[in-house]
Structure formats: C-alpha cells, structure tokens
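Join the two chains into one complex using the hints; note that each chain is given alone, in its own frame.
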Amino acid sequence: MHRASRVLSLSIVALVALGGCKRKQPEVAPTPVNNPAPPAPTPTPAPPTNTCDAACMAARDAEAKAAAIKAATAALTATIYFDYDKSDITDDSRAKLDAKVPVLTQNTAVRIRIAGHTDSRGSDEYNLALGQRRAAAAKRYLTDRGIDGSRIEIVSFGEERPTCTDESEGCWSRNRRDEFEITAGQITAVQTSSR
Amino acid sequence: MTRFLRATLLIAAVIAAPLQRSAAQDTLQQAVRIGLRYDPNTKPGVLVLRVAGVNGDSLRTILQRDFDYGDRINVVGGDEAGGFPDSPTAGKNSNYPLYARLGAVALVQATPTASGLHVAVHDVAQQKVARVKDFMIDGAPNSREWRMSVHNVSDELEAWITGVRGIAATRVAYVQGIRNGKLYVIDSDGAFPTPVGDDAGAMSPGWHPKGTHVAYSVVGSRGCCQIYVYEFASGTARRIEAVGGGLNSTPVFAPDGVVIVYTHGEESGTDLFATTVFERGPARRITVGRGTDNTSPTFSPDGRRLAFTSGRLGHPEIYISDADGTNPQPLTYSVGDQNYRSNPDWSPDGRLVAYQSWQTDGSFQLNTISLRDRSVKQLTSDGSNEDPSWAPDSRHLIFSSTRTGSKQLFVIDSESGKWRQLTRNGGVRLPAWSPPLAR
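Heads up: the sequence lines are chains V and B, in that order. So the first sequence is numbered by this note's numbering: it starts at 771 and just counts up by one. So the second sequence is numbered by this note's numbering: it starts at 6 and just counts up by one.
Hints listed in this document are in silico derivations from the structure and should not be mistaken for laboratory results. Treat the numbers as computed from the prediction; the structure is a model and nothing was measured. Treat the hints loosely; a few may be bogus.
Claimed, not checked - So the derived label-pair ranges between C-beta atoms look like this:
(1) V:934 - B:422: 33 to 43 Å
(2) V:854 - B:63: 48 to 58 Å
(3) V:938 - B:383: 23 to 33 Å
(4) V:854 - B:239: 41 to 51 Å
(5) V:875 - B:307: 49 to 59 Å
(6) B:335 - V:836: 48 to 58 Å
(7) B:236 - V:851: 35 to 45 Å
(8) B:335 - V:847: 37 to 47 Å
(9) V:914 - B:246: 30 to 40 Å
Unchecked claim - Interface residues of chain V toward chain B, partial, derived using beta-carbon atoms under 8 Å:
(10) 885
(11) 895
(12) 898
(13) 900
(14) 902
(15) 909
(16) 927
To be verified - The calculated EDC-like cross-link candidates involving lysine to aspartate or glutamate, where the alpha carbons are at most 20 Å apart (straight line), are:
(17) V:856 - B:272
(18) V:866 - V:923
(19) V:856 - B:342
(20) B:138 - B:161
(21) V:856 - V:949
(22) B:215 - B:161
(23) B:138 - B:128
(24) V:856 - B:271
(25) V:866 - V:914
All residues carry an ideal CB built from backbone N, CA and C; glycine is no exception.
Same shape as in the complex, but just chain B (with noise of 0.2 Å):
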C-alpha cells in the first residue's frame, strides 16, 4: 500500500469512526425520548413539583440540583411557598396552562413508595402524563447509596426529557494532596468524598469502564512508581507486577476493560505498554520513543486509537496512534512559544481530544481539538487550568484550577463555559470522571 494510500485511509478511520459512534447514539436517544415540543435552541423548561414525605425536600433538591448541573435543562422554580398542587389534575380546571406560563414544557412528579419512588413525566402542552416509571432507591434516606440511586433518576428523566442522559450517577476520582496525596472519590455533586485505600503518594488514577475498579500509581519512598488497582466491591488494591521496575505510571482500562495501558520508564526514556488486569500476561511495549518521553495514555472509544504525550520532538505535544502503537502523528503543534501541551483525554462520543496547553503568563489552559477538522477550542482562562478528564456526555470536564486560589476541582461545561466549584479542601489534582455508575 502506498503511503498517501494509508494516509487517506487513516484520515477516513478518524472521520468515520467518531460519525458511527454518534449515529448510534441517536437511535439510542430517540428511543427513550419522550417527544416533547420546544425550541431546539432553548433548554427545556422543566418544573419539579414538590414531593410529599420526611425527605420530600432532599428528593426535589436533588432532582432540580442535577438537572441545573446537567446544563441542558432549565429548572422552572416558581412554586417554592406551595402555591401549586402537588398533583396536576388532567383535563378541564387543569393546572396545566399554569405551568406553561411559567416556562415549563414538562412537570417531574415523584412520589416515594415502599421500595422507592414512582416517577410521573407531564407533557404540559399536551395536558398528559408522557411516561410513567417506579424507581428502586437504595439505602438509607440521604446516604450515599440512596443519593446515588436518586441521581439515577434525575439521568434517567434527563434522557427522556432531552434525549441525552444525564451525567448525575458518577463519581470522580482524584488526589487528595499536592505532595504524599491519597486517592479519593467525590459524587459528581461534591457530596461524600471518601477515601479509596490507604496508599499515601498516589497519582493518575483511571476508572474501569464499568466503574468497579481504579487503577492508579503510586511513588513510593524510593521514587516513582508502581501501579495499582484498587477493586471498590472488596475494598482492597492489588499490585500489577507484570509492569516490573523502573517508572510505571499513568495506566488507563482499555474500553475492553481487560488491558490497561501505562508509562514504563527505565534508562531509555519513557514508553506506552500494554498489559493484562486481571490475569497476569506479559508487557508488551506500544510506542517507540526512542529516549523521549511518551505518557498520559488514552483511548478513543472504539478502543482502536490512543492520544498520548510526547516529547519527541523536543518538547511535550499531543499524538495519537493505533492502539498498537503504529502510525503515530502529532495531533497538536507549537504555536510561537506555546510549546507545551499534555495531559490528553478522549471525549466518550470520540469527537474531542481535551489537553492543557502551556500559555507564555506562565498559566496552563484548557484546549479540545477537535478530531474532524483539527480546530481548537481555548475553554478556560481563569488561573491555571489543569488534568481534563470528560465526563460521560462529551459535554462537560472536570479539572484542576487556581482559579479561587490552592488547586481544587471544577466542572466546566464545555458549550457554555459555565463552571462550578466540586471540591473545598486545598491542593486536589489529577481528576478523572467516572463512567456511569448506574445500575
């Protein structure tokens, strides 16, 4: 084949692949969509009624909470000194008309019952209820658990709604610490962060994609690193020994969830290799750097392609390659003195590639690229803006910044440029966004 052949080829791989994925995705969304009439422009006005019980409140805030956080809603309020009935009544002296002029094209009603809550969904212009659904919500009132199972509900009601599912039932993983850090994991609210293992050092975590497991590195006492995974059913964290010595570090699941992907360093630079998780196989090398650095590991979703760092041209910019390591090319370029990019994450719809870019104040920020057409997008300039990781819409990262001053956690939503503050504790870093983590 010749060469311009296997060009042409790669590039209609790289347009193609991101094209399939997101029509899939639509035949997805239209099935549980519920039709409802508004401008495509506007966000949907949705208004949640208030709910009966001791934790009526603490439902309603959390559904209205997540819809707001999911940026593709606009939470209608209006009813907040108990003017409306809490059950819209169908047909003639219907509420309905009511709640049209207040903004909204849908009314949430929920109800608790014995083992959770049952959902109604109006359509306020049609005067219906459009689709109906009993919850399960686990645990106890407000714990963690039960916290989760109600964020499953404002996701699910998000899909119905808007076609896309919210991003509500996740987590993010990251380091408590700027030096000597452990590994935390906070919900995508900022509620419970907690402690996962006690290894003390800790770095890059990476979730499974099913969400059971983080596989993380550790730099020990004498220097960096070893890798970890650390399996949230059992609570304990086991050590990959295919990796051997010398630096191990940044390791990411593979879409398969079988083989992880990670920096192995000795005397020659640092490279990408590939081993198995949960049976031990052997190491097996991915780039060629040639003594130049390569790290950051990540996969597109397809499984078939990975963006990576890499300073072989003489300073760190953003590659992609096949997952074997073949037909690598630079993906981002120096522009005048910013010659410093890394920490790439791949969007789970496949479209975006998220780095920090090195800026001449001396600041880090925020770029997608986009995988199409190579356009870049700068999405913060507050502070410094560091360790992207997306969430499972495509749409919204969470990141470390300075921007209110010691690094902490922020979402930011890509289209808007709107953000929110996670995390409230001083020197938090290297986030990583769960899967989903409904059941």
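Bound-form chain V, shown alone (with noise of 0.2 Å):
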C-alpha cells in the first residue's frame, strides 16, 4: 500500500482537461462557459473505449486527489473524546491520532490548534484544567511520533463551550472532547492509492 501510493501536488490544475474524459462527463452535461474545449454537447455516440487518454488521467487523479484532500482534513480536524474526569488516549482516539500523523508529515506547513473541552458536571474552574490537559495529551501523542511541537498550539474551553445542552450521559460524552483546527497552511500533499 504504501509502496503503490504517492504523493501528488496540488499544482496539477485539471479543470480544463476534464472536458477530454468523456467517461467521466456529467449525465446532465453543465454546459461549461469558460471551458472551451468540448463544441456543443456531441450526441454522437463515441465508441466506448477503456483507454484513458493523458488529459483524462489528470482529471482523475485531480478527482482522486481532491477526494483525497478531502479525508485527509477531516482526519485532521476529526474530534477525540475522553472518558469522564480522565485524559487519558483511548483506544478509539489512539485511531483517530494515528490517521492525523501522516497528514502532518506529509504537509509540514500546517499547523493546528487543540482546544480541550469537558461535560458540565464538575467544577467550572477544574474544568478548565481539565480541558488544557486533554489538549496537551493528543499534542504529546502526536509529538511523540515525531510533529514538531512548534506547530501544535493548545487551548483550553472547559465546560465554555459545549456542543450539546442536555444533563445526560449521551450529551456529556460529546462534550468531552479534543477539536482540532487548521491555523495555518493547506493540506497540499495526500497519500492516493495508484492506479
């Protein structure tokens, strides 16, 4: 898998190749103005062909790698959660953590922020506490397999910020939690799997 991946840049703008892959053409064609390939929609039926000419490629992998860039931000950005009163990594969040490492290898100019959340119940002021300490785990455990500290920022809500109201337990597991946000760079590189 990791032999038959690669690492594809963003530069590769395939917008205007994707008019050339007529697989790939919308059902409901667009009608693209700025697109000057294609004249007019063509009813002519072109023989179906399973080769791929070059500009088809690009668009396809620029479709791969758009989607691509898409997980990737998301494992990124995916929120942990913590069991009541603890910091410790679970299991679930050790999986979690695991699929943001290579995103931030792969993309050494983005940095995020960790913001440690808790559930109402307990001490407002502890809380706080509580909630840096979740932060500082999840950067420790990415710090430790090798991010560079420097571009992890971590933050503390407490209970200040919830995502949910209700007084019970499916509401306070939600609320304790790690968010993890963009500050600065894009995500340009993404593992893809070859073709």
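The structure is reproduced here in structure tokens:
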C-alpha cells in the first residue's frame, strides 16, 4: 500500500482537462461556460473505450486528489473523545490520532490548534484545567510520533463551549472532547492509492 | 530537622494561627461592644424606632433588614402602626418597660441630620442611652452610595450590640451568564446589580483585600484565559502581562494586596503561580503538580498558607501548603464514591475551609472542614450547590445553587442553615464576597 501510493501535487490543476475525458462527463452536461474544449454537446455516441488519454488521467488524478485532500482534512480535524474526568487517550482516539500523523508529516506548513473541552459536570474552574490537560495529551501523542511541537497550539475551553446542553450521558460524552482546527497552511500533499 | 518534628511544628502552626487571630478579634470586639445584658444563647432583641423624614421608612427598612440578614439580632417589630413614640423618654413615665415586654434589649433611634444620621442606641434594661454617634451618609437618597452608607451604620450598630461587625456594607462579585458571561457586582442585600468592565467570557473574580479592585480571568474566542485587574475608582481593567501565554485562571489576591496567585498551565498540567499586580514582576511557580491539575487557590487570612484544588491523586481534592508551595498535604479525603472536592475558600477567621463535594446523586453540596480537628460539616442538601465564598463575618457564605431552578446566588448562615436568594436573573455563578467596604 505504501509503495503503491504516491504523493501528488496540487499544482496540477486539471479543470481544463476534465472536458477531454468522456467517460467522466456528467450525465447532465453542465455546459461549462469558460471551458473552451468541447463544442456543444455531441450526441454522436463515441465508441466506448477503456483507454484513458493523458488529460483523462490527469482529471482522474485530480478528482482522486481532491477526495484525498477532503479525507485528509477530515482525518486531521476529527474530534476525539475522553472518559469522565480523564485525559487518557482511548483506543478509539488512538486510531483517530494515528490518522492525523501522516497528514501532518506530509504537510509541514500546516499548523493546528487543539482545543480541550469537558462536560458540564464538575467544577467550572477545575474543568478549565482538565480541558488543558486533554489538549496537551493529544499534542503529546502527536509529538511522540515525530510531529514538531511548535506546529501545535493547545488551548482549553473547559465546559464553556459545549456542543449540546442536555444533562445526560449522551450529551456529556459528546462534550468531553478535543477539537482540531487548522490555523495555518493548507493540506496539499496527500496519500492516494495508485491506479 | 526530623520529619516528625517538622510535621509537629506544622500541625502546631495550623492550630495556633486561628487561635491567635480569634483572640485578637475578641479584644477588638470588646472595645466596641456596649455591654447589653441578654441570654448569650439567644439573639438580642432590637427595636428600630420609626425614623422621621421623607426617607425615614427606607432608612428604617434597610436597618431592620440588615440586622435580620446578619442573623445575630432578633428584629423586634410591633410599632408598625405607629403605636409608640419616636423617642423614648428617660426616667419616670418612660416607655422602656413596654419595649422590654416586646423583647427588646436595645432600641435604635435614628434621626436624619444635615450631613447624615444621628443614631442613639438605648439600653432598655438600664433605661438609658448607651451610645450615640453622628454618621455621614453619602449620595442622593436611595442611590447606591447612599444605601452603602446606611449599611455601614447597620454594621457598626451590630458591633455595638453583639460585638461582631455586620456584613451589610459589602458586595458580591459574580459572573452573569453560564457561557460567555460578564462580571457584575451586587450589594449584599441584592440591590444594584451592576456590570463591571465589559469583558465577555469573564470568570472567577477575586477581591483585593481593600475592596478597591477585582482580579478575574477571561476566556477569549481562542480559549482560556488571560488575567485582568479591574479598578473600581477608574472603571478600567488592565491585563496582567507577567502571566504569559497558555491557560491563566482563578486569580486571588494575597492578603498583602500586592501579590496575586493564579493557575497557569501549558503542556504539563496546571500549577499555581504568583506575581505582583501593580508593578510588573516575574511570575514565580508555587506548586509542583507534575502534570496534574492544581487550581482555585485561597489564602489563609495571615497570608502564610494556601488551600487549593489538586488532582495529584487522580481526582480533585483540597490540599493545603505553605504560601511558597512547600509542605503540601491533603486536607480532604475520598469517602466511598465521593471522590471529587474542589473550589476551597478559607474563612476570614482562619478556622474553616468551605468547598464543594460531589455526591453520588450527581449534585455538589457545600461542606466546611475545620483546620483544627478536620471535622466536616455539610451545609446544603437542596439542588446542586457550588462556588462557596465566605462573608467577612466568617459565618455567612455566598454560593451558586440550582435549588430554585436555574443557577442563582444564595446566602446561607452556616450556623443556622437559614438561606436567602440574592439574585433573580438566570445563569449566575462564581460568586466572591467582598471584604468590608466601609470607609
């Protein structure tokens, strides 16, 4: 998987090339205004072919890359959750943090902020400290795996910014969390499976 | 010094400090008390005579309510219909026996003057005036300043009558709003809730020992927190720069009014730090929490020790240490499932620490623990009760509670359990009772 994967660069902007790939044309052609390539809808049924020319390939790559960037962004900003009054990284959170590591490794310009939160139970003041400890725990997990600590800012909101306000375990468990936000740089390098 | 000897000396210091203080206070009390005779197991009955003038009813109502809220005086009514003369006559044909029959051991006779209030306190048993004084009253009638001046009269009269100064001339700082709240102060009787500064996200106010400033933290849009000090005289707030970045919360003034101790955290837990407030100085670390949470400090009245919340054993408990962080030791211990205690506040007389204790039903209740024998007393049981802060009399506490619905502030008399609601707007928390504000 690793050998087969490759790193693409966003500099390949393949919008123009998109028109050249008939297999990928949408069923209802959007009649692109600023796309000079294909003249009017061509009803002539082109013989279906399994070959994909260079432009078609580039477009496929661009699509795959866009999807991969989206997935990488989702992985990097995925929220992790904690047990009550704990800052230990759970097994579930470990998998989510592991998925963030390659994104950060490959995109060295990207900086993130980790915000620790707590549920509404407990002391308002102690919860600020607990939120800080949760953010620090996630940061430590990432820096232990080679990410430069100067790229990761941590803050706490304690119980001051809940995602829900019911007094129930269902809500409390959603509030005991670390949120991840990209504060600088863009994800441009992603892992994609080779064709 | 052996460990045993050190421990012994520390325990001796813990025991001795409150004793010394209370002895000093008794001396002070005797100097102002007028020596009324009444059963020490009861509250002395005091009748406030009708007060002449346009604001007479307001004045009398404030004095009576202040005495009632102080819980050391039994306010004697009975002349609301105006059945008694405004001024008692001494000697023959006096009304004193009538007042005595109503249960009054003292009469308060207040007469408005050009600059304020002339007050005479009568000893009913002795049938004579025990003490008189002319009080200055500031501001327009029923204004904030005017009411505070009248509260000051109440407090001094309480000292004359009971030996203990009242707590009416005080205010409570608090946060209005459960999230993104703002700082307010309110008079001790619930009058004039007034915004302080305009910071959204304010938390954890702490008073300067002279009542001139309030320190607090602000949770910004990018997380917790920075520390500010608001000056009442100028109406301005200033950020304390020495605390640096990261988490900075729960500031408290040391009794010297020069130093604040606060919580600071970056990547390895939170610890207590100290710095100077009015001149920029270095931030000095106090606790060594080794990656755990250490927060919500409170000073002993002599400034030599601190109590604080620490999670160093895996869950929050109350600890005490010397003011420089040395000799930390747990003050509270887990009992069964009750393994969460926080938000300590050291009583001004040095004897007790109040705190909140998590219950198995999911509520917090307020407790006090004695520094002398570690005996614990539970003060509340209705609703969830948090954030205790002592009044200057070391008897009343302000706290937030859900007992009547949304979080509100309440005052409880720790001796009788009697309580009253102070605020009426929903979502109020983190109260701090001021020192005496009389000038």
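Quiz prompt | Hints breached by this structure | solution = Checked against the structure, no hint fails, so every one of them is satisfied.
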